[in-house]
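Using the hints provided, position chain B relative to the given structure of chain A.
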Amino acid sequence: MSRSSSGRRTGGWFGRVLTRRRRHPLAAVTVLLVVLLTCGTAYAAFTPSTQSPLGQATVSQSTQIEEGRQLFAIGCASCHGLNGEGEIRDDGTVLGPSLVGVGAASVDFQVGTGRMPMAAPGAQAPVKPVAYSDEQIAAMAAFVASLAPGPEIPTDDMLDTEAEGVDIARGGLLFRTNCAQCHNTSGQGGALTYGQEAPRLTGVEPKHIYEAMLTGPQAMPVFNDELLDEDDKRDIIAFLTAINEQPDPGGLGIGRVGPVSEGLWAWLVGIGGLIAFAAWVVTRSAAARSAERSSS
Amino acid sequence: MSTTTRTGSDVSTSNNAVLQGAGKVVGFVDQRIAANNWLKRNLRKIFPDHWSFLLGEIALYSLILVLLSGVFLTLWFKPSMAHIIYDGAYVPMRGIGMSEAYASTLQISFEVRGGLLMRQIHHWGTLIFIAAMSVHMLRIFFTGAYRKPRELNWVIGLLLLTLGITNGFTGYSLPDDLLSGTGLRIIEAGILAIPVVGTYVSYFLFGGEYPGEDIISRFYAIHILLVPGLIIALVTVHLMLVWYQKHTQWAGAGKTEKNVVGYPFFPIYVAKAGGFTFIVFGFIVLMSALIQVNPLWFYGPYDPSQVTAGVQPDWYVGFLDGALRVMPPWEFTIFGYHVTPSVLLPAVILPGVLLTLLALYPWIEQRITGDRREHHILERPRNVPVRTGLGVAFIVFYILLWIAGGNDFFATTLHIPVNWVSRFLQVSLIVMPPLAFWITKRICLGLQRRDRDKVLHGMESGVIMVSPEGEFTERHSPLSAAQAYALTAHERPQVHEAGAPTDANGIPNPNYKHDRRRARISRFYFGDVIPKPTREELEHGHHGHAELEAHSGSDATSDQH
Chain A
1 MSRSSSGRRT
11 GGWFGRVLTR
21 RRRHPLAAVT
31 VLLVVLLTCG
41 TAYAAFTPST
51 QSPLGQATVS
61 QSTQIEEGRQ
71 LFAIGCASCH
81 GLNGEGEIRD
91 DGTVLGPSLV
101 GVGAASVDFQ
111 VGTGRMPMAA
121 PGAQAPVKPV
131 AYSDEQIAAM
141 AAFVASLAPG
151 PEIPTDDMLD
161 TEAEGVDIAR
171 GGLLFRTNCA
181 QCHNTSGQGG
191 ALTYGQEAPR
201 LTGVEPKHIY
211 EAMLTGPQAM
221 PVFNDELLDE
231 DDKRDIIAFL
241 TAINEQPDPG
251 GLGIGRVGPV
261 SEGLWAWLVG
271 IGGLIAFAAW
281 VVTRSAAARS
291 AERSSS
Chain B
1 MSTTTRTGSD
11 VSTSNNAVLQ
21 GAGKVVGFVD
31 QRIAANNWLK
41 RNLRKIFPDH
51 WSFLLGEIAL
61 YSLILVLLSG
71 VFLTLWFKPS
81 MAHIIYDGAY
91 VPMRGIGMSE
101 AYASTLQISF
111 EVRGGLLMRQ
121 IHHWGTLIFI
131 AAMSVHMLRI
141 FFTGAYRKPR
151 ELNWVIGLLL
161 LTLGITNGFT
171 GYSLPDDLLS
181 GTGLRIIEAG
191 ILAIPVVGTY
201 VSYFLFGGEY
211 PGEDIISRFY
221 AIHILLVPGL
231 IIALVTVHLM
241 LVWYQKHTQW
251 AGAGKTEKNV
261 VGYPFFPIYV
271 AKAGGFTFIV
281 FGFIVLMSAL
291 IQVNPLWFYG
301 PYDPSQVTAG
311 VQPDWYVGFL
321 DGALRVMPPW
331 EFTIFGYHVT
341 PSVLLPAVIL
351 PGVLLTLLAL
361 YPWIEQRITG
371 DRREHHILER
381 PRNVPVRTGL
391 GVAFIVFYIL
401 LWIAGGNDFF
411 ATTLHIPVNW
421 VSRFLQVSLI
431 VMPPLAFWIT
441 KRICLGLQRR
451 DRDKVLHGME
461 SGVIMVSPEG
471 EFTERHSPLS
481 AAQAYALTAH
491 ERPQVHEAGA
501 PTDANGIPNP
511 NYKHDRRRAR
521 ISRFYFGDVI
531 PKPTREELEH
541 GHHGHAELEA
551 HSGSDATSDQ
561 H
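Chains as they are written, first to last, in this note's numbering: chain A, 1 to 296; chain B, 1 to 561.
Pulled out of the complex, with its shape left as it was, chain A reads as follows (with noise of 0.2 Å):
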């Protein structure tokens, strides 16, 4: 009898609330809430993974070449076909390009930041968590660097933005005239046509900033050295940096992205914030007035 008694109270615990609530004004937004947990957790759980799609330890110890091209052929394969030739469907669109040419640099960025392999053809490939190990990319990019010469993966020197002679404001001047069409004169990426993005640049490596312009990734074009030299290249890195580190002096920085961020800010903050107040100074007003009339 009692223990049923208090099964029922705990049952009609959660359903009393449920009755009593269920007309609150915010029971709307509860359910919304609740539903937009679920369902986000839902896909989160569901999205296929991009987990390294390999057993670690049966890589063999043979060359690192060897290696990198076992490690090719279960990772990248697929799509770049088994010797890197790239691979066209018969409609003619680009599974993976070929990679015969493309240089360490090209394997050290892409598989690098994450952005290969990607989970699905798109537009774009976008950073993810790296799915190989430094030793292991060492070695694809060694293996895709034996097919053709391209790029090299930049050295430690070339990458030092506090050598002598490094000038960050000539870096920036470079970074405006160059790279700001895509990515923001502050490096906050911006949109290019059809699903294509240039990405954010703050929290990204040097050496990968200095191999997507050796290399072009994607939609970039190529910088080489003709065009940008190893010091442009260096310069512009260490203006990035700088701006990265740079504190804000105005406060809250909301995105460095300019008007769009700051229109939404002056209305939903500023404007908002004002008529709330405005409000206030009626109703206190008016209670401080009934309050002397009933005094009187």
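Keep in mind the hints are simulated off the structure, nothing from the lab.
Only a predicted model underlies this, so the values are computations on that prediction, with no experimental measurement involved.
Think of the CB as a built atom: it goes at the ideal place given N, C-alpha and C, for glycine as much as any other residue.
Possibly wrong hints are sitting among the right ones.
As the list claims (entries may be wrong) - Derived, one-sided and incomplete: chain A residues facing chain B with beta-carbon distance under 10 Å: (1) A123; (2) C182; (3) A191; (4) A198.
Unchecked claim - Computed footprint of chain B on chain A; a stretch qualifies when at least three of its residues, placed anywhere within it, have a C-beta under 8 Å from a C-beta of chain B: (5) 159-173; (6) 250-259.
Just chain B now, kept in the frame of chain A:
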């Protein structure tokens, strides 16, 4: 009793030497300029009370703050396009060639004490000033406060909004940074698109080929002298007209077309408006101290050979930029002359048409309704469904253009191809405003029915009764007289009926076609309005309903002047 006489009597009973002295001064001035009567009348001027009447005040106070902070900025800003090499405090720009305007803006931001705060106050204040004017104007529109005799003040308000936007844009361009320079380039394209005179106007404005070396100093004169002068003059006229024509008020018991029910300017509104001034000041300054706006040190100096992703104007020009972005790329050649409607339509014709329609709306409505009487009582938006629907359709159109202005931003934030965003907006701009009009009108009519039910049957009390037969009914509590009055104070609109095409003798009515057209428009405007209950319906409606006892009817009749 006037305040000046009260001051006099206070002085006579006081031993305080300061007060006595002050009283003497007041007496001296009063005897010479005889302002006693004028002050007595005007200090006791009555204003009604409602939160929506404070929207214009937000605009006024933010304008004052913008003027004050602007004066501070002029002390350091150099409106010159002379080319210099920057060697100031901001390291990522050191050694870069730029105009003096941009260099002095960097100096204000990084070297002048309090300069960045003042710049941010000036910028946030402007964004809020124009937003407040817009919201104020929407309030005037939706409540019908622009009706006779206030049509002129409506036009002045629209002029103020236009001037505010003009000044905002010139100010946005002054620092000569890459962002605003790109915006200026787009404006130049709009000017060039004007047929026949476009190139001449552009050459005149820029003093030669764009960008030239004069535009910043010319914009400076416009920005700090010409337009602010006009704004201050028009604000003065605007307020004088409000004062002279008296403020509109909401319908309510004791409120008529002939009186204003509310509280006196002095002391109530002097205190309230004074307090609200400092709330607005404080709010904007706090916002400026905490949130960064227009970080132009990232953008770099303007260079026509450079451009940056994510270029947008400030929000108040955003709808024009949006119109440009979603416009299909039409251009053609007539008689060897090149015409570009893809720029001309969105950048020149669209704002022109919008401004004209807005300016003429009070008279357009008078033509439709045939109502040329004076009105001082506001209309609830639901009671004029067509006007409300038109207003909401405009808002939807405007917001869609806004989104178009940031189409790249929305594309990257939401990970949707930017082409889809633009195509969606192109369709929406045609489909959504009529849809919004229809939905709004239906909502208004529904609310009217609800008001009618409330007046006839009272408010739902939440008390459910079970009769012995098992029938469930809800008890309704009747409205108080004041509540019922407020819900039924609006007029019963008359739909214009067209007369007969021929009179009794078979002679055709020469005005019949015109009359029929008027009747059609009138039916569109008023045809669906739910009639408010008649006296008979009211008496009938109250019988046969289980009713709770009336609330202790709180009398809404307020102090009256």
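Each hint tested on the structure:
Interface hint at A123 of chain A: satisfied, since its Cβ lies 7 Å from the closest Cβ of chain B, which is below the 10 Å cut-off. A cut of 10 Å between beta carbons decides the hint on C182 of chain A: the least distance to chain B is about 5 Å, and the hint holds. Because the beta carbon of A191 of chain A sits about 4 Å from the nearest beta carbon in chain B, less than 10 Å, this interface hint is met. Taking 10 Å as the C-beta cut-off, the interface hint given for A198 of chain A holds, the closest approach to chain B being about 6 Å.
Coverage of a stretch by a chain is defined here by at least three residues with a beta carbon nearer than 8 Å to that chain's beta carbons; for the segment 159-173 of chain A and chain B the count is 6, and the condition holds. Residues of the segment 250-259 of chain A lying with their CB closer than 8 Å to a CB of chain B number 9, which satisfies the three-residue condition for coverage.
Every hint from the earlier list agrees with this structure, and none is contradicted.
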